[in-house]
Amino acid sequence: MRRLKNLEPATFVWVSLIAVLLLLVALPMGKLLLVSFRTHAGGFTFANYIAAYGRARYFESLLNSLLLASETAAISMVMAVPMAWAVSRTDMPGKPLIWATVLGAFILPPYLGAIGWILLAGPNSGVINQVWRFASGASDPLVNVYTFNGLALVMAFQSFPLIFIFVKSALDLVSSEMEDAANILGASTWKATLKVTLPLVWPSIVGGAIVVFLESVALFGTPAIIGIPARINTATTQLWQFFEYPVRVEVAAAYAMPLLLITLVLVGAQRLMLNRRGFVSQTGKGGERRPIQLGGWRWTMLAWCGAVAAVSVIMPVLVLAEASFAHAWGRGLTWENLTLANYRFLLFEHETAVSTIWHTLWYSAAAASLAVVLALLVAYIVSRKLMRFAGLLAFLAMAPFVIPGIVMAIGFYATFAAPPFALYGTAAIIILAFAARFLPIAYANASSAMGTLHPEMEEAARILGLGRLGTIRRITAPLLRRPLLGGWLIVFIVATRELSAAIFLVGPHTRTMAVLLYDLSEAGNFEVLAALGGILLAITMALVGVGMLLLGRDFMLRRA
Amino acid sequence: MLILTKRQLIVGAASATLLPSGAHADSLPPHEQALYEAAKKEGELTWYSGQLQAETGEAVGKAFSERYPGIKVNVVRSTSQVAFQRLAQDMQAGVAQCDMFSSTDYGHYNFLKREGKLLPYRPANADGMIAAARDPDPDNMFQVFYIGLYLIAYNSKLVAEADAPKSWKDLLDPKWKGKLAVGHPGYSGSIGVMGVVLSKMYGWDYFTALEKNKPQVGRSSDDPVTLMNAGERSVGMGVSLAAPLLSAARGNPLKIVYPTDGTLAVYSPSAIPKNAPHPNAAKLFMEFAAGTGYAAVTSKYFIMPLRPEVPPPPGAKSFADVKLIQATPAEIEDGVPDIKEKWRDTFGV
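Those sequence lines, one after another, are chains B and W.
Sequential numbering from 696 applies to the first sequence in this note's numbering.
Sequential numbering from 815 applies to the second sequence in this note's numbering.
Simulated from the structure, these hints should not be mistaken for laboratory data.
Check before you lean on any hint, since a few could be wrong.
[Unchecked claim] Result set (SDA-like, lysine to any residue): computed pairs, CA atoms no more than 25 Å apart in a straight line:
{"id": "1", "chain 1": "W", "residue 1": "LYS1156", "chain 2": "B", "residue 2": "GLU939"}
{"id": "2", "chain 1": "W", "residue 1": "LYS980", "chain 2": "W", "residue 2": "LYS1137"}
{"id": "3", "chain 1": "W", "residue 1": "LYS854", "chain 2": "B", "residue 2": "THR1121"}
{"id": "4", "chain 1": "W", "residue 1": "LYS1069", "chain 2": "W", "residue 2": "SER1132"}
{"id": "5", "chain 1": "W", "residue 1": "LYS931", "chain 2": "B", "residue 2": "ALA1117"}
Kindly produce the complete structure, drawing on both the sequences and the hints.
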């Protein structure tokens, strides 16, 4: 009894925090593992694994995903590394354009980009192919989005920002002295760049590529929208098929396990790589950094960056905007084809579209708030070493990073859908899933912010009699307001476009815009879909604008 | 109910009285008035639908709410197989959120009925429907408000009328290589039925031959309409009658073909799940769907009306003038899962 009396109220918060993390992260994954070995009657079995991998087609789907993701990562690397180098190390003009591109590619939801590219590169009707045929008189298409390479390219257009951010922040830490040394020893600028600068940031290039690989393996929207017409089955579309009647959660769970294993191994590899990154930057001496004078090559580099901007953002957004104002997108830009009908249909005639917009906003806001609060508390415990097993908490907070969104959704469905939780079809299950899925983003953000805060201010408050929780509320959180708001906005934005975690969890009263977009894409209703995408983009841009005003232009692209 | 006969499709009830479609709530017939009072307390219903296009479904919801103010219809439109997938997910999770389930796969209803998952109800207004829709199930576990006709359509700018395909068989001609578009039986219920019927007529060889023409495979049976409007593909296979006619009415260059070897008729039930959270609103919706109001609204969107008072939409033939091909409920229930598997093996997705 005495010991209980001495416990601070904060202790109960810590204990409940651990419980929440176990519930949100450990339980769904544990349940998924369990279910994958279980028969309907509850016994132990390997049959689910045999069912999941017993057909050549199922196995090929996984193989397709791995190949596709590798190709996507390779293309992303080719796109992003020169950009990152040009922005970080050279006197190339037009750097704000590059920032805008990277930001634009980051906030454009992947499935919208995919539809933009169908409109651009459909073999017969795509804008690019029409122009090509008109200009060259050829009858064969120039580009075809419905191919394996087409799919990989479109996915790379969507994911190269991740590599850019990794590599640019690593390059920012390389001082010019290294290059100077190479130059003195007779190396040309190019040679110094290729032999000295890039090898120094090699770990972050590979690290970024691994993240792109993982994101691509777990992607659902783009493979469903482009892959089905292209006749390419992937692991995620296959997982979806296991949810056809009869719903085979246990087979889906078994099918997901290798995916989880691959992810774990790769994240481990990436950690090893990135840990070696430190050796350049931590010299303690302020190395001088001078932009490399590129001369005429400046324009070559700018052209490359401009090309990436065109294919990843400008072109798809333009065709989507055109489609959203068109009666029929194939008829081109004419007066008779212009209409507001698609927007009118969504905003005034569609019984549920407006409510999906509202759902999207408040689920995302709730999830972002929950994630930021959890992340702040965990980061606080870890950085102030308040518990013996603080490291375990940090691990739990970061663990969802290795779980593909669609796998996480299946885990959530298996855990929370049925009684005793019975959360299926409620807002809660979606908010919890979003919060858990994006907890790592919030945690990385909060923990780097905590690192900037010396404990002495908290100690002062404690000496003056404020309790632990009061200190966090009155001292720590206000001091960290800006970075926490930044983390909140990033989680909010990625949550508004999240499809793969939502697709199995929404009910008729809890549909989000991403799911409605997916439903619209089923019937090939691209004009209305583009209009809904336009609304989603407008909302996101407004929020990014708010973030920039409050937090500075690069708040979304800082590497935590 | 097995195969529909011409007679059942044409003959209306002898005592058919024309209900004014815009009848206001205070002039409702007594059986509707009683239901309406009970349904008003529920306030809404949720309709999982794979039958009508999104826009048509929303228009039906609006018309319902106009006739019965205070009751909102949440239309959850998807392909039929996805609608069933969601219903099955609900059931597995033990959650009730669907009040009306409408799909184009008859097998769903045989299954749900066998499992005891349906609430029996026969709308009184069904007496005025054409014979084929009057009593689809002896136990009244499901009703029929939609008989989908699925046929061939083409882009008339890209294909001259004389060159257009006349039959399903014509689609195998190599001249259509790279020009066809079709839905997917894993998503669309009617494409599943099309698979059952065409493979019954011509064997699965029909589809292996079709695959050689490299049709673009979408998801919904109406996917090809968008592709034809854009000029991405010139001929759509197994599209509903309604989608190309509606699209053509809006200025797109589309024409339909009733295939000489038969137009696919898909007899598409609707049912109320036993655990529906708004059963009275759902029953009222059935009364509405069996009445003339529904037939009048949907025929504006080129759906074939099942009320004798409402004429077929412009550009469509009456049931009597069309050669129909169909599958029996048993053939559908046994055949569709098999078709999905074969399709995935043949087409790769």
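### Task
For the pair we were handed, LYS854 of chain W and THR1121 of chain B, check the Cα-Cα distance against 25 Å.
Judged against 25 Å, a Cα distance of about 23 Å means the pair holds.
### Query
Given the proposed pairing of LYS1069 of chain W with SER1132 of chain W, does the C-alpha separation stay at or below 25 Å?
17 Å, holds
### Task
Take a quick look at whether LYS1156 of chain W and GLU939 of chain B sit within 25 Å of each other, Cα to Cα.
16 Å, holds
### Message
For a C-alpha distance cap of 25 Å, please report whether LYS980 of chain W and LYS1137 of chain W respect it.
### Response
13 Å, holds
### Satisfaction of hint between ALA1117 of chain B and LYS931 of chain W, Cα-Cα up to 25 Å
Given pair LYS931 of chain W, ALA1117 of chain B holds - Cα atoms ~19 Å apart, limit 25 Å.
Hint compliance for this structure: every hint is met.
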